[in-house]
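K.L.:
Listed below are the residues making up each chain.
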Amino acid sequence: MKSYHFIGVFGLVLLAVAHYMGLFVAPAEAMMQNVGRILYVHVPTAWVALVCYLIAFVSAIGALWSGRRGWDATAEGATEVGVVLTALLLFQGSVWGYPTWGVWWTWDPRLTTSAILLIAFAVILLLRSIIEQPERRLLVSSVATIVAFVDVPIVYYAADWWNSLHQNHSSPDTVSPDMVLPLRLAAFGMLFISIGFIGARRAIALRRLEAEDSPEALPERPEALILNEESP
Amino acid sequence: MDGVIVGGWEYVYTVYGVTWAVLALYALSLYLRGRNA
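Here the protein sequences line up with chains E and V, keeping their order.
First residue of the first sequence: 1, per my numbering; consecutive thereafter.
First residue of the second sequence: 1001, per my numbering; consecutive thereafter.
For reference, chain V alone in the conformation it holds in the complex (with noise of 0.2 Å):
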């Protein structure tokens, strides 16, 4: 069918991927920020 789209799970992948790193990493800062502060 036009218009449909095949595959693209590395780029479902690549965006759940770097979501959780990037929540993953702002929680690592906010804890060391809290530690120093």
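Extracted from the complex, chain E is given alone in its bound form (with noise of 0.2 Å):
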């Protein structure tokens, strides 16, 4: 087993010690009563998709300085672990919404530009499958990642800068104490987790990257040059 993945089982462990705090041990809260519960998976989870975010743009500007090909799969780990993380935070935050704001969707700063987020970081993924010279995919892709994090703080300090429907930032000094442990549990859990995915990631971009760089992986001579020295 790789360092990563005792990482990444650290991670579950953590998480599910968390959930359980949060779900049957921390109190309800105050106004939201038990659907609170839902901020100890749904906190975590925005708070690692961006520190995703974070791991593939500074892999990106690796990539671009040195070509090295472990920086380009490492933005590739990362950007797909962000997608799955955006994507499902957007979905838990959807189902907290309903009770307490009376819907599912609504296009409050935050959500909207999380939603950009997620279209931006997804499309990076396409290009990435569907360009096939590799230097070419290593730089168009880590040049769409530097100008998609772009986006990163405007989600980040959305609901500060606006006057947002969605809450700002709470801290420590905010929370209930009883509160706090479960949210920081979690968010561990959520990171060891992602970097066990982002490990296991990294090392499948890795391995298509060598099998690109085989010798079997090279393009056929073409015919007509074959023709041309036959000739006399």
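Calculated directly from the structure, the hints in this document are not laboratory data.
Computed from a predicted structure; not experimentally measured.
Even for Gly, the Cβ is constructed at its ideal location relative to N, Cα and C.
Heads up, a few of these hints could be off.
[Said to hold, decoys possible] To give a feel for the contact side, a few chain V residues facing chain E, derived at Cβ under 8 Å:
| hint | residue |
| --- | --- |
| 1 | G1003 |
| 2 | V1004 |
| 3 | I1005 |
| 4 | G1008 |
| 5 | Y1011 |
| 6 | V1012 |
| 7 | T1014 |
| 8 | V1015 |
| 9 | Y1016 |
| 10 | V1018 |
| 11 | T1019 |
| 12 | L1023 |
| 13 | Y1026 |
| 14 | L1028 |
| 15 | L1030 |
| 16 | G1034 |
Fit chain to chain and form the complex, with the hints in mind.
P.N.:
Pasting the structure below:
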């Protein structure tokens, strides 16, 4: 087993403990009551999704700077895990929003910019799958990742910058101590699971890049060239 | 009290259940893709 497998399994255990505490140990929130327990899942998912995009952004810069496929593979892994978590957090937010806001979806700045984030990075994954030439794929996807990352701080500060329906940031000072522990455990659990996922996905991307570099993957010689060699 | 949400466990269990299901399915997809790569 690789080190990222152990990190992922440790994250699973942390997340399971955190969710047990969130469901059965932590007190119900004053106004949201039990629906507030969704936040032990939703908030860590959102935090870690943004961390995944930060890893993808740094890796994209590293890939552009060095041209090394390790950076490119890390960017690919972090992008895919970020997309999975963003899709998940939009679903979680929607299910939380219905009993609290009365709607499944609204064009609130935080929600809208998060949806843009999902679409932008999903398009980058699509680009990675359709561009066959490795150097061109690295260049296009790295530049696109750096451009798409501009949306990450906008998502983070959207609730502060605009008069948003979405809540502002909380801190340990504004959250009951009984709720801080399961929230922190869930955040670290989700982070470690995601590191495990990125490591596994990076290994798959690296194997693909190595296969593309192998002599069998080189294009066959054009037939016209062979004919020219045979001509007198 | 006005504004207090009554019940809502079905939303809670839906979110927790779908989250664990997605994480498990994604882990399975990584395992299968890693094996076939």
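K.L.:
Which constraints among the numbered hints does this structure fail? Numbers only, ascending.
P.N.:
14
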